[in-house]
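Novice: The residues making up each chain are set out below.
2 protein chains.
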Amino acid sequence: MPSTPNFFDLHKAVLEQACQAVQERGHWTPYPEIPSGKFYGASAREEGLNAYESCLNKPFSLKGPEVISTTGIEISPYTGALGIHYDQYLAEDLVDAAKAALPQWRDAGPSVRTGVCLEILDRLNKRSFELGHATMHTTGQGFAMAFQAGGPHAQDRGLEAIATAWLATDGVPRDSLWHKPQGKHDPLVMSKRYHIVPKGVALVVACSTFPTWNTYPGLFASLVTGNPVIVKPHSQAVLPVAITVQVCQQVLVEAGFDPKLVTMAAEGEAVGIAQALATHKDVRLIDYTGGNAFGDWLSAHATQAQLYKEQAGVNTILIDSVANMKRAAQNLAFSLSLYSGQMCTTPQALLIPRGGIITDKGHMSFEEVSSVLCDTIKKFLSDPERAAGVLGAIPNPVTVRRLELAAELGRVVLASETHSMPGFKGAVYHTPLILSVDGADSVWQQEQFGPISFIVAVDSTEQGLALISNVVASKGAITFGVYSTDDAVLDAAESVAIEQGVALSCNLDSGVFVNQSAAFSDFHATGNNPAANAALTDPAFVAGRFAVVQSRRHTDV
Amino acid sequence: MPSTPNFFDLHKAVLEQACQAVQERGHWTPYPEIPSGKFYGASAREEGLNAYESCLNKPFSLKGPEVISTTGIEISPYTGALGIHYDQYLAEDLVDAAKAALPQWRDAGPSVRTGVCLEILDRLNKRSFELGHATMHTTGQGFAMAFQAGGPHAQDRGLEAIATAWLATDGVPRDSLWHKPQGKHDPLVMSKRYHIVPKGVALVVACSTFPTWNTYPGLFASLVTGNPVIVKPHSQAVLPVAITVQVCQQVLVEAGFDPKLVTMAAEGEAVGIAQALATHKDVRLIDYTGGNAFGDWLSAHATQAQLYKEQAGVNTILIDSVANMKRAAQNLAFSLSLYSGQMCTTPQALLIPRGGIITDKGHMSFEEVSSVLCDTIKKFLSDPERAAGVLGAIPNPVTVRRLELAAELGRVVLASETHSMPGFKGAVYHTPLILSVDGADSVWQQEQFGPISFIVAVDSTEQGLALISNVVASKGAITFGVYSTDDAVLDAAESVAIEQGVALSCNLDSGVFVNQSAAFSDFHATGNNPAANAALTDPAFVAGRFAVVQSRRHTDV
Chain A
1 MPSTPNFFDL
11 HKAVLEQACQ
21 AVQERGHWTP
31 YPEIPSGKFY
41 GASAREEGLN
51 AYESCLNKPF
61 SLKGPEVIST
71 TGIEISPYTG
81 ALGIHYDQYL
91 AEDLVDAAKA
101 ALPQWRDAGP
111 SVRTGVCLEI
121 LDRLNKRSFE
131 LGHATMHTTG
141 QGFAMAFQAG
151 GPHAQDRGLE
161 AIATAWLATD
171 GVPRDSLWHK
181 PQGKHDPLVM
191 SKRYHIVPKG
201 VALVVACSTF
211 PTWNTYPGLF
221 ASLVTGNPVI
231 VKPHSQAVLP
241 VAITVQVCQQ
251 VLVEAGFDPK
261 LVTMAAEGEA
271 VGIAQALATH
281 KDVRLIDYTG
291 GNAFGDWLSA
301 HATQAQLYKE
311 QAGVNTILID
321 SVANMKRAAQ
331 NLAFSLSLYS
341 GQMCTTPQAL
351 LIPRGGIITD
361 KGHMSFEEVS
371 SVLCDTIKKF
381 LSDPERAAGV
391 LGAIPNPVTV
401 RRLELAAELG
411 RVVLASETHS
421 MPGFKGAVYH
431 TPLILSVDGA
441 DSVWQQEQFG
451 PISFIVAVDS
461 TEQGLALISN
471 VVASKGAITF
481 GVYSTDDAVL
491 DAAESVAIEQ
501 GVALSCNLDS
511 GVFVNQSAAF
521 SDFHATGNNP
531 AANAALTDPA
541 FVAGRFAVVQ
551 SRRHTDV
Chain B
1 MPSTPNFFDL
11 HKAVLEQACQ
21 AVQERGHWTP
31 YPEIPSGKFY
41 GASAREEGLN
51 AYESCLNKPF
61 SLKGPEVIST
71 TGIEISPYTG
81 ALGIHYDQYL
91 AEDLVDAAKA
101 ALPQWRDAGP
111 SVRTGVCLEI
121 LDRLNKRSFE
131 LGHATMHTTG
141 QGFAMAFQAG
151 GPHAQDRGLE
161 AIATAWLATD
171 GVPRDSLWHK
181 PQGKHDPLVM
191 SKRYHIVPKG
201 VALVVACSTF
211 PTWNTYPGLF
221 ASLVTGNPVI
231 VKPHSQAVLP
241 VAITVQVCQQ
251 VLVEAGFDPK
261 LVTMAAEGEA
271 VGIAQALATH
281 KDVRLIDYTG
291 GNAFGDWLSA
301 HATQAQLYKE
311 QAGVNTILID
321 SVANMKRAAQ
331 NLAFSLSLYS
341 GQMCTTPQAL
351 LIPRGGIITD
361 KGHMSFEEVS
371 SVLCDTIKKF
381 LSDPERAAGV
391 LGAIPNPVTV
401 RRLELAAELG
411 RVVLASETHS
421 MPGFKGAVYH
431 TPLILSVDGA
441 DSVWQQEQFG
451 PISFIVAVDS
461 TEQGLALISN
471 VVASKGAITF
481 GVYSTDDAVL
491 DAAESVAIEQ
501 GVALSCNLDS
511 GVFVNQSAAF
521 SDFHATGNNP
531 AANAALTDPA
541 FVAGRFAVVQ
551 SRRHTDV
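Here the protein sequences come in this chain order: A and B.
Residues 1 to 557 in full-length UniProt numbering are what the first sequence spells out, letter by letter.
Residues 1 to 557 in full-length UniProt numbering are what the second sequence spells out, letter by letter.
Treat the hints with caution; some may be incorrect.
Computed cross-link-like contacts, DSS-like style, restricted to lysine-lysine with a CA-CA straight-line distance of at most 27 Å [to be verified]: (1) B:38 x A:184; (2) A:38 x B:184; (3) B:184 x A:326.
Now the stretches of chain B that chain A is said to cover, found in silico as 3 or more residues with beta-carbon under 8 Å [claimed, not checked]: (4) 167-175; (5) 494-502.
Since the hints were derived computationally from the structure, they do not count as laboratory data.
Just so it is clear, CB atoms sit at the ideal spot from N, CA and C, and this is done for glycine as well.
Let's have the full structure, built from the sequences with the hints guiding it.
Specialist: Here you go:
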């Protein structure tokens, strides 16, 4: 064993608080979400920007096996090509390097591994401004969101996974004394040892929209339980992953471990490394976030591995009655606008009884509710600075094209507009497209990734609930919102949520949004509908990543 | 909610002790393993036999959907056909009945479900003599073993699964208060609820050798986590499962639940019900113990379900040096004889350096060690009463035929003998066949189910370890034993055990045997080699059987 800095003791207090938090599930975080010098140091903002800019137009070097080529095709929707080049490796070589590094990591045990992972997160937190810029320019998120989602909120999810994995491994004793009475004879006595062993090599296939937030849970859950990890970033969102892997490798080396316990498998225009890695016989764990095409392919082909995946879904809001129409509309306007509807939690369809609803402003017709929503969105996005910050930019031209074509999918009640992005010459933002359709029309039940939402006329609240139940069962969903002043309706919505395995938010009309999911408190996805087969972070997300191997021998008492 | 007897409170003390036991993993059990009136009541022995005999030659009735036919082909290797007939149902109807029963069971919550399961185990324990006879006559085990393995030891494994599942669900809070400070503004406050929800319908495919021991972990883990269970017994070993399902249904009804939460899918000569159930879209959990043919089929076809399986393996013993040759040989003689080698934990190959080994009797040649082992087995089985009790009878003619043919597989150093079974006219028992082969010969690396073992000559201890490492990696294993007076060899064996995911027993020469696995202390299998993808009972065995669904709403503090 190398003589490692005692990162476990150093971060023990944070671990203990995190373990308490995941078991109590109130509000808690050690990572300030406000991008302020007050928390991160007076010079952090400027240093973060400089650090990001100093990465541009040059190679970004990481430890790995033999380099076979380089790639780099990231384009910022704000500023153009990043010009960063990353090394590429053979899948076989990446797996071999991981396997070579495994025994020392496995034998170090859960507490040493957990200490190393906590130190990695601590250092990532200190680089949150840099990660914020890297996330902004690869995902298109506005800076404030990119800082939070790419920095502290992702770190929260990583820490949640560490704490959950620690609790699972810590529940298994390291040894025991087995003392079995034998009546008048001497007892049988055995000493037993229990080893936490990894499943093998782990692969994380990261997504383009949340390259750190969706990566950290699998990365850290696999590391704590002893598995080396290969991260395959999306070719448009490599830098946030590369910075993460760099920090992992730095801490691993300082702790006396092989840096190749965490490597990055960059992919360029020519795809194939993810497929080769995912089907390698020694890759035993795969975390995947992304579209259904590759998710379905993984389920069919990566049968040697345990797969944790999150893919497409259709999130819905049911509006039965509203206690404060203005505030509800403001809340929904933000939810539909945030990151141009590119969150896996963004509502796609708002179901409203065609006969109208009861509100604090009296009965409102379907059209009136629709108008209030559209007007609120319009007003909310009328300030270009605010609109640009909330909406961000759309990096993928396919999403922009989808938005253009989507106007044909229903009656347009709010047209999407394209505006210049303040501060970034040539860049643009797109306001949401809102379409009105009938519940019987199936178009709202197909995922339309991007700022495209449907206001759906249904016969009644009951029919709306039945439609939502069906669409969650068949297409999957991560979020489901309901507005009602009637407890019976809230209860019925809760029953649908339980039945179909989707998280429910009731009457959000304040500073919490249906598309937000707070680590340590909210579970993200459930694993019980087609949108995901796993949840961040429940016991099942960590328990399958390790095995227990025991030995026993007779001993004297 | 029905008004249920408070089984949870009734059995709370046992649950608490069981939870402590699974976390400490010392010796513990609430179910006496000695088939004595002292523990089970003076009349228990006679009542158990009567209860068993009163089942024979008539229909055994259970609750289920519409009956489509009956079946019953069990043949006792001691007394002939049991003549019991069981109802058969359509797979679709069984799943529909389970789905109909699910919501009430789900909504009852973990503590009510756990209470019901604890009551079921308590009543099964009281029927241990009856279960012992049922197990003896379906599996061929001698009565003492059948009582233990079919009764209290199986109940231990069931209770271990209940405790592990309870700990996993109990670690998730039922609700929380999320209180997020907002600087100068009012805090954001939300109340949240967390529901433990099942994955769907569970299927347990039971085996012919341990119809209760290998069934109870999956059955109870699925029930505690909210899943209805369909048990599909092996057609030769139905009665122990039928008694179990009967007790489940009785307790469920008393507790106000649908008895069809646990049903039995009996299969006769015509197979197909297991395949139909295993691939049904609503069957989401499958527990399987049995051969590789159906295990591999399940992995390939039952892709909609989470599969927990245990199948074939090649268990090994490495003999490097021995501190007490006589006791070691006695220990091994028992291990190789018990239940005619039909345990998934029975050693199949004993690897010994061809140059001989150091023992307490000085250096012994390979042939001398082989002779001592064979002589000890012969002597141990020389008393027909003892031999019959330990060996039991072999119910499957295929196993007897395999034993007859196996004499061709190597040099016979101990021939199998067939003797009349004392007390059972026409019945026989078979003593073990021991073959001597070379390490380079691949024959010992193929599973030979039944009383067939190999003494394998290897170049050295190191080569023996390497061969064992390879065979565990390629064929799988549940047990691995080593005899050595050298700590370095024990350490090397432990490294192989860790690397290949197999449980290690060191220098067993007393009243513990390599093929025994004690619930609450020993993990049975690891999930890390081809013999099994799951372990009894680690956190992964229970965590994947439920999801957490949450709801949240603003609240006043």
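Novice: Does each hint fit the structure? Answer for all of them.
Specialist: Status of the hints after comparison with the structure:
Distance hint between residue 38 of chain B and residue 184 of chain A is fulfilled; the C-alpha atoms sit about 16 Å from each other, no more than 27 Å. For the hint pairing residue 38 of chain A with residue 184 of chain B, the CA-to-CA distance comes to about 16 Å; that is within 27 Å, so the pair holds. In summary, the hint linking residue 184 of chain B to residue 326 of chain A is supported, as the alpha carbons are separated by about 23 Å, within the 27 Å threshold. With 5 residues carrying a beta carbon less than 8 Å from a beta carbon of chain A, the region 167-175 of chain B meets the three-residue requirement, and the given coverage holds.
Proximity of the region 494-502 of chain B to chain A, defined as three or more residues with a beta carbon under 8 Å from a beta carbon of that chain, is established by the 6 residues found.
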